[in-house]
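K.L.:
Sequence:
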Amino acid sequence: MVNATTHTVSNAAYLPAQFSTVQTAIDNADAGDTILISSTMIPYGIANVGKQLYFFGPGGKAGIIPEVNFVLLNADASGCHFEGLGGSIGSQAGNLNTDINDVVIRRCRLHALWIESESVLATRNEAYNWLVEGCAFTSDFINIGSPWGYGQFFNWTVRNCVFSGTVGSLENSVIMNCLFLGNVGYEAVFEDFTNVVITDCMFVGMTYNSSGNELYNNLFVTDLPNCSSGVNACSGNFSSATTGFVLGDNNQFYSDDNDYHLTVGSPAIGAGYTGGDVGLYNNTIFRDDFEPSIPVVRSLVITNGPVVPAQGSFEIVIHSVSHD
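When we follow numbering that gives the first Met the number 0, the leftmost residue of the sequence shown carries the number 0, and every step to the right adds one.
Worth flagging that the hints you see were computed from the coordinates, not collected in a lab. Note that CB positions come from ideal geometry on N, CA and C, so glycine has one too. It cannot be assumed that every hint is accurate.
[Stated by the list, open to error] Label-pair distances were calculated between CB atoms; the ranges are: (1) I268 to S19: 28 to 34 Å; (2) N303 to T273: 50 to 56 Å; (3) V316 to A61: 51 to 57 Å; (4) N128 to G49: 25 to 31 Å; (5) Y272 to T241: 33 to 39 Å; (6) P308 to T156: 51 to 57 Å; (7) E213 to V320: 46 to 52 Å; (8) V307 to Y272: 56 to 62 Å.
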């Protein structure tokens, strides 16, 4: 956005920034601004968002990635962008009949993503046109959905994500190249799905038990889906006792210690709907370091220092990388 401002946040004294809390940065930002959140290994707590903003963290594994629990207050939070961050994203409890649309969540390491709602159609919350990609969901509770099962999410794209818990409430949406690891204490993996296309995914510790959807070229270590006429539309799905990667001792949760890349001989290689691989790594969207798509500075070197004449200039070489 033209003339948008970038704000910096750090809650550690050794790492200076403009603001010490995410909430203060939000309060001082205008719609369309960007907020950069530093990694300090200190949780940032709750941040209420009532305007369209861009939030970026540096990514990182557990304990490193900045942890923020974002609460989207109302429709004014539509169009928000979250990348390289940990924590959770949800809507405000009790705030009904509010549609929050066009949100992007990319390369985040989240506990949950939910929309508060109720059973009355006229006042339930809905969310349209979200993009969720390259994310890891680490809890065994509701990874994507409504805490009471009443919210509804339309026209979502969910791709190259890994899940440890329930995914629900999607309608007219697409799920592709995702990894479903396990589900502890909850029988339903998918709840309230309607007209959802699921393709090139891997079901390792979860069982697909929904209906009214389309499933193409998915690998099932668990039972194959019910593809009877009138239940699900299916093609190219296959069962395999092996995946081609090693999950470690506990396959029910995402772990930074596991490597989910396919190894030579995996039945998922080249088995996707368009000829690519089934699973997380058919492209470069998922990164296990969750680094964002903005340039990341690796080093900054002053080549003519440490002393320069008065009114002189430092010569600085910056080495950075960027990810698509």
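K.L.:
Against the earlier hints, flag every one the structure doesn't satisfy and list their numbers going up.
P.N.:
Hint check: 1, 3, 4, 5, 7 fail, others pass.
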